[in-house]
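Assemble the complex: chain A is given as a structure, and chain B must be docked to it using the hints.
Letter by letter, the chains look like this.
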Amino acid sequence: MGKKILRINMTELKATYEDVPAEWARWAGRGLTSTIVCDEVDPGCHPLGPNNKLVIAPGWVTGSPAAPSSGRTSFGAKSPLTGGIKESNAGGLSGQKLAKLGLHAVIVEGQPTDKKWYYAVITNDGVTFHEADGLMGKGMYEVDDILGEKYPKTAIIGIGQAGEMKLSNAGISVNDPENKPGRYAGRGGLGAIMGARGLKAIVVDDKGGPGVEIADKECFTNGRKALAAAIGEHALTKKDGGLNAYGTAILVNILNEAGGLPTRNFSSGHFEGAAKISGEAMSEAIEKRGAGKMGHGCHPGCIIQCSNIFPDEEGNELVSAIEYETAWSLGANCGIDDLDYIAHATRECNDIGLDTIEAGNTVAIAMEGGLLEFGDAKGAIKLFDEIRKGTPLGRILGQGVEATAKAFGVHRVPTVKGQSMPAYEPRAVKGIGVTYVTTPMGADHTAGYTIAPEIAGVGGKVDPLSNEGKGDLSLAFQATTAFIDSTGYCLFIAFPILDIAEGFAGMVDTVAGVTGLKITGDDVVPLGKEILKKERLFNEAAGFTAADDRPPEFMRDEFLPPHNVNWTISDDVLDGVYAWVHAD
Amino acid sequence: MQVEITVFATLRRYMPDLPVGGSRQIEVQHGATIGEVMHLLELPPEEVKVVMRNHRHAELDETVNEGDRIAFIPAVAGG
Numbered sequence: 000m001g002k003k004i005l006r007i008n009m010t011e012l013k014a015t016y017e018d019v020p021a022e023w024a025r026w027a028g029r030g031l032t033s034t035i036v037c038d039e040v041d042p043g044c045h046p047l048g049p050n051n052k053l054v055i056a057p058g059w060v061t062g063s064p065a066a067p068s069s070g071r072t073s074f075g076a077k078s079p080l081t082g083g084i085k086e087s088n089a090g091g092l093s094g095q096k097l098a099k100l101g102l103h104a105v106i107v108e109g110q111p112t113d114k115k116w117y118y119a120v121i122t123n124d125g126v127t128f129h130e131a132d133g134l135m136g137k138g139m140y141e142v143d144d145i146l147g148e149k150y151p152k153t154a155i156i157g158i159g160q161a162g163e164m165k166l167s168n169a170g171i172s173v174n175d176p177e178n179k180p181g182r183y184a185g186r187g188g189l190g191a192i193m194g195a196r197g198l199k200a201i202v203v204d205d206k207g208g209p210g211v212e213i214a215d216k217e218c219f220t221n222g223r224k225a226l227a228a229a230i231g232e233h234a235l236t237k238k239d240g241g242l243n244a245y246g247t248a249i250l251v252n253i254l255n256e257a258g259g260l261p262t263r264n265f266s267s268g269h270f271e272g273a274a275k276i277s278g279e280a281m282s283e284a285i286e287k288r289g290a291g292k293m294g295h296g297c298h299p300g301c302i303i304q305c306s307n308i309f310p311d312e313e314g315n316e317l318v319s320a321i322e323y324e325t326a327w328s329l330g331a332n333c334g335i336d337d338l339d340y341i342a343h344a345t346r347e348c349n350d351i352g353l354d355t356i357e358a359g360n361t362v363a364i365a366m367e368g369g370l371l372e373f374g375d376a377k378g379a380i381k382l383f384d385e386i387r388k389g390t391p392l393g394r395i396l397g398q399g400v401e402a403t404a405k406a407f408g409v410h411r412v413p414t415v416k417g418q419s420m421p422a423y424e425p426r427a428v429k430g431i432g433v434t435y436v437t438t439p440m441g442a443d444h445t446a447g448y449t450i451a452p453e454i455a456g457v458g459g460k461v462d463p464l465s466n467e468g469k470g471d472l473s474l475a476f477q478a479t480t481a482f483i484d485s486t487g488y489c490l491f492i493a494f495p496i497l498d499i500a501e502g503f504a505g506m507v508d509t510v511a512g513v514t515g516l517k518i519t520g521d522d523v524v525p526l527g528k529e530i531l532k533k534e535r536l537f538n539e540a541a542g543f544t545a546a547d548d549r550p551p552e553f554m555r556d557e558f559l560p561p562h563n564v565n566w567t568i569s570d571d572v573l574d575g576v577y578a579w580v581h582a583d
Numbered sequence: 000m001q002v003e004i005t006v007f008a009t010l011r012r013y014m015p016d017l018p019v020g021g022s023r024q025i026e027v028q029h030g031a032t033i034g035e036v037m038h039l040l041e042l043p044p045e046e047v048k049v050v051m052r053n054h055r056h057a058e059l060d061e062t063v064n065e066g067d068r069i070a071f072i073p074a075v076a077g078g
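Protein chains in written order, with numbering that gives the first Met the number 0: chain A, 0 to 583; chain B, 0 to 78.
Everything labelled a hint here was simulated from the structure, so no lab data went into it. Glycine included, every Cβ here is placed at the ideal spot set by N, Cα and C. Check each hint, because a few of them may be wrong.
[Stated by the list, open to error] Output of the computed footprint for chain B on chain A, the stretches with three or more beta carbons under 8 Å from beta carbons of chain B:
no., segment
1, 250-258
2, 447-454
3, 462-469
[Said to hold, decoys possible] Derived list of chain A stretches under chain B, where covered just means 3 residues or more per stretch with a C-beta under 8 Å from a C-beta of chain B:
no., segment
4, 273-279
5, 487-499
[Said to hold, decoys possible] Partial list, derived from the structure: chain A residues whose beta carbon lies under 8 Å from chain B:
no., residue
6, G241
7, T247
8, P561
Only chain A is shown next, with the shape it has when bound in the complex:
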């Protein structure tokens, strides 16, 4: 039996299984969700209205036996935060289980006419719909507990209160192996799209599923071995290597050293309290408290295991995971150097269903706007309860940075296309700034992670403060990333395969082996560019112009300490990054 498209119609509460159209068959992950959104969603539609759709797809190799660190699930829709196309992907359990059920993609469309809320259960026998009364108003920890008890050993995709309120900063949660929320398709407000379909949760039970077929087993097996060897060998991704020992927050001290750690709403690149919220500090706290762990895997089969479980002061497991982005957004960018506050605030985000990057940036904007002082952790934690309760203030904060900046009269707004910037200051790390500004996703570091050569010396070394070659560098990373986001592999496999050629070739061979596609390493960038072109054209049809590919005004005007640099990359360079879309 070939793969199927599962179409869930929330207007009719009906599920249909369709053959995969030829033009969709060669894509998976981000390539597939973006293709389906482009084919089926009117770029001019209101993101929360009846004509938007939520598309969910595992990657090419997701669910295949022993492909390392390949459990990603891609979510796509038109974003309420950016007004453009959005692909956000997450770890957790859902990708592998959808793939093992033989599902190429799930398309959620329509809206219940009775205004009721539902959850859907996908099994090998089909889809059942259930009224969600007992789940409404509940955060994701409780939702995962309730559904996990009723449907053991399943993947749970769900939204917290933020998604129910259709807030623009609502993310989609995927449960981790401990059945906790924390693996989020966080960026771009896709939780609001799920909420707008009247869908509180999707349970995925893969028992009895057909599994993933391998077209060329020898090609797949050889590729898998080469990739796994590269991951296991590289100092960053091997067992007890950087990511395994310190998590992604290993970067806090490094970006601070480079003068590129955005601090107090992007007013400095250096935070005096960085060490206290670093991966090293997390590791020491976990050891001292004798609870929690570094080196936690977010999905079965991950051999990098960069996640963590952080305990509270009494040694009770509190939250998974404190990421670099989380430690920065809720910490340094708010002038807060308290790891325990960050852990509690992260748990609030995971429960309410908020993207931690946008949430931390929003608190920083509220601080700049005078609602509270920078560094006020006690005041900040109360803001999450405002969002949970849906107070007027909470609803403003839940809309993210731009809405909050308007409400509080703040002109220093670190956004591109409506989405706030992650944890790398673009004035101090110019290439990532080009990615923020030009990617179809709005400000997003994962869309083209030039940090690898600019900061980490991975895949070469490039001066972060220099403008030279940054347009081409960003495009190369954006195209390669679009491909990797389609594989189902965690983006972090990019680090070893950028340094170890055999690993790169092995990664491509696993895709060729599973799918039967005749591709080599030479096809990675062209295929990635095909995806970028679709996304770019969607945004153009939605009304985006060159004016949307610009950095915030204040970054041109204000000089960032400690390097005292401003944004100096010309508009011509920015416009050149995607010029090929209409030239080819």
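Same frame as chain A, but now just chain B:
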């Protein structure tokens, strides 16, 4: 002359008494290179991926100056 040195993440295993985020002043000879400072600290060259001098990328063959801050960085990345 004195320079300030610091190490991060997995390299802290070679300077376990250095607190997280801490640095140390050390005495080096005039004309010493960053590579020689690395050798002095007994940091394994294969584990040093990037070096920063005064918050900017630097190379091992560069000569250090009085008062420089030198940071040794292992393989790092994240998201």
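Each hint tested on the structure:
1. Counting residues of the segment 250-258 of chain A whose C-beta sits closer than 8 Å to any C-beta of chain B gives 6, which meets the bar of three, so the coverage hint holds.
2. Check result for the segment 447-454 of chain A against chain B: holds, 4 residues qualifying (beta carbon to beta carbon below 8 Å, three or more required).
3. For the segment 462-469 of chain A, the proposed coverage by chain B is satisfied: 3 residues have a C-beta within less than 8 Å of a C-beta in that chain, meeting the threshold of three.
4. A count of 6 residues in the segment 273-279 of chain A with a Cβ less than 8 Å from any Cβ of chain B is obtained; the coverage claim is therefore met, three being the minimum.
5. Remark: the segment 487-499 of chain A is confirmed as covered by chain B, as 3 of its residues place a Cβ nearer than 8 Å to a Cβ of that chain, reaching the required three.
6. For the restraint placing G241(A) at the interface with chain B, the shortest Cβ-Cβ distance is roughly 5 Å, inside the 8 Å limit, so the hint holds.
7. About 3 Å separates the beta-carbon of T247(A) from the nearest beta-carbon of chain B, less than 8 Å, and the hint is met.
8. The beta carbon of P561(A) is positioned within 8 Å of a beta carbon in chain B (closest approach about 6 Å), and the interface hint is therefore held.
When each numbered hint is compared with the structure, no violation occurs for any of them.
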